[in-house]
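Protein sequences, first through last, are from chains A and B. The first sequence begins at 0 in numbering that gives the first Met the number 0 and counts up one residue at a time. The second sequence begins at 0 in numbering that gives the first Met the number 0 and counts up one residue at a time.
No lab work stands behind these hints, which were simulated from the structure alone. No experiment lies behind these values; they were computed from the predicted model shown. Positions of the beta carbon are idealized from the N, C-alpha and C atoms, including for glycine. Errors might be hidden in some of the hints.
Here are the computed distance ranges between Cβ atoms for each label pair [to be verified]:
(1) A:Glu37 - B:Leu124: 43 to 51 Å
(2) B:Leu66 - A:Arg70: 55 to 63 Å
(3) B:Ile56 - A:Asp136: 42 to 50 Å
(4) B:Asn137 - A:Gly10: 34 to 42 Å
(5) A:Ala11 - B:Met323: 53 to 61 Å
(6) A:Ala11 - B:Phe109: 53 to 61 Å
(7) A:Asp75 - B:Glu50: 23 to 31 Å
(8) A:Ser5 - B:Lys65: 49 to 57 Å
(9) A:Thr96 - B:Leu71: 26 to 34 Å
(10) B:Leu10 - A:Arg36: 35 to 43 Å
(11) A:Tyr34 - B:Ala21: 15 to 23 Å
(12) B:Ala34 - A:Phe128: 33 to 41 Å
(13) A:Arg84 - B:Glu50: 25 to 33 Å
(14) B:Gln76 - A:Leu125: 26 to 34 Å
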Amino acid sequence: MKSYFSELFTGAWSLIIGLKVTIKAMFRPIVTVQYPREKLEITPNYRGHIDLVKDEESGSHKCITCGSCMRECPSDCIVVDGEKREGVKGKALTVFTLDFTKCSLCGACVEVCPTDALDYSNDYELAGFTREEFHFDILKRLEERA
Amino acid sequence: METFYSILPELIRIVICAACGAIIVFGNALVMGYAERKLAGHIMLRPGPMEVGFHGILQLVVDGLKLMGKQLVVPAQADKPLFMIAPLLAFAPVFVPLLVLPFSEKIQGFDLDVGLLLILAFASLNVLAILIGGWGSNNKYSLFGAFRSVAQNVAYEIPMLISLLAIVFMTNTFSLRDIAAAQSPVWFVVLQPLAFLIYIVAMVAETNRAPFDLPEAESELTAGFHTEYSGMSFSLFVLGEYANMFIVCSIATVFFLGGSSGIPLPYFEYSGAIWFLAKVYALMFFLVWIRWTYPRTRFDQLMNFCWKYLIPFSLVNLLITVVMVKLI
């Protein structure tokens, strides 16, 4: 009989405590980010797809068209090509494309690059309607940034 | 012809009452649907609907249009007549109790001597609708939801009735207007706090809302009795649920919170309805608040609580009330 009443009162008291918690929460500011209107700052460590690094000295990229990334890529999604030009040492980069539909974001290309010409981009809003939208022209992206 | 003219005023009255009832049912569903989602959002530290209209105020209109446009799917093995009649049975009876509710001293459809009995009789039709819907769906989740609903509603109707009966003993009437008028100096919530508490608990269980929403416990029963319903037939269940919330909160207002009494306003015979609605919506806010606070009870706990606590306490309360009424 004693436990009958004590259970009732402890139970009722716990219910009141619960109500107190939620009424306080109701007047606290909201914590969710309203995504398309508000965006969180993305960390620079975010590993998106690859991008060519802009060289501050020359204003261009540091790629020497060695093709290591193309050979290293386990998914065969990078295509690099260059041509010999007058007055330019080595080969000049003409094509650098990434098929992001196949890329597994392993980062082997960035690791292997002898001149540190590649880095991860911070793009995360990657949605599209066709698969061709994910065939990135990395060289063009660099020129657009420049 | 003469008889027609003699009943004409009464006919017009009936039509107006029915129209007002429909306005209350749909308006209440819009307001409560929006308020519930907003409050749920803010309790969870998120903003709730924000996209459609200012602060998502048109969200429920859009949802209503969407539900109307949806296909009514009847499962192949379902009992089609029962399946189709259940949502109507859940929705149609909610209009009748609205006719006898005294919104203010002069705003009332009909003042029946058996107003309370009428309300309780029609409110319990909801159980039948849920049972028919659960059975007609031919789905094990629906059927379990319906079973639970019946067990729960039958059990919780007893303490609800007994707690209201204590008030009826004090006022000697079933008429809602007289009961509301009987508490002009002191509201019955002061004289009958235990009955009020019991009624509030039973009211939550009767409307199948959390923490007593076992008939539609989504973690174990998908959606319970309305698993198979889609489009308008689903929304009739929801409209019925919100209307039932309005009705049980109105009964609580009439029986315990003094009906339309409050600080006098001009034309108080009519404007008392403002106080009445304010009290009803305060209770509805409480229902939403507890829904988003408490986890769902286990079924045996639910039954134990009713049979071991609510019914004995309400019986003792009734006994004390009867003795006090006899002595005073």
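(request) Using the beta carbons of Ala11 of chain A and Phe109 of chain B, state whether their distance is inside 53 to 61 Å or not. (result) Given range 53 to 61 Å: violated, Cβ gap about 39 Å.
(request) Mind checking the hinted window 49 to 57 Å against the Cβ distance between Ser5 of chain A and Lys65 of chain B? (result) holds (50 Å)
(request) Take the C-beta atom of Glu37 of chain A and the C-beta atom of Leu124 of chain B, compute their distance, and say whether it sits inside 43 to 51 Å. (result) Holds, at about 48 Å.
(request) Can you let me know if the beta-carbon spacing of Leu10 of chain B and Arg36 of chain A is within 35 to 43 Å? (result) Check failed, 54 Å falls outside 35 to 43 Å.
(message) The hint says 53 to 61 Å between Ala11 of chain A and Met323 of chain B; measuring C-beta to C-beta, is that right?
(response) violated (24 Å)
(message) Quick check: does the Cβ-Cβ distance between Arg84 of chain A and Glu50 of chain B fall within 25 to 33 Å?
(response) The hinted range 25 to 33 Å is violated for Arg84 of chain A and Glu50 of chain B, with Cβ atoms some 54 Å apart.
(request) Using the Cβ atoms, figure out if Gln76 of chain B sits within 26 to 34 Å of Leu125 of chain A. (result) Distance hint for Gln76 of chain B, Leu125 of chain A is violated at roughly 45 Å.
(request) Take the C-beta atom of Leu66 of chain B and the C-beta atom of Arg70 of chain A, compute their distance, and say whether it sits inside 55 to 63 Å. (result) holds (58 Å)
(message) A range of 34 to 42 Å was offered for this pair. Does it hold for the Cβ distance of Asn137 of chain B and Gly10 of chain A?
(response) Holds, at about 39 Å.
(message) For the hint 42 to 50 Å, verify it against the beta carbon of Ile56 of chain B and that of Asp136 of chain A.
(response) holds (46 Å)
(message) Can you tell me whether the CB distance of Asp75 of chain A to Glu50 of chain B sits inside 23 to 31 Å?
(response) violated (43 Å)
(request) Kindly confirm whether 26 to 34 Å is satisfied by the beta carbon distance between Thr96 of chain A and Leu71 of chain B. (result) violated (51 Å)
Hints 5, 6, 7, 9, 10, 11, 13 and 14 from the list above are not met by this structure, while the remaining hints are.
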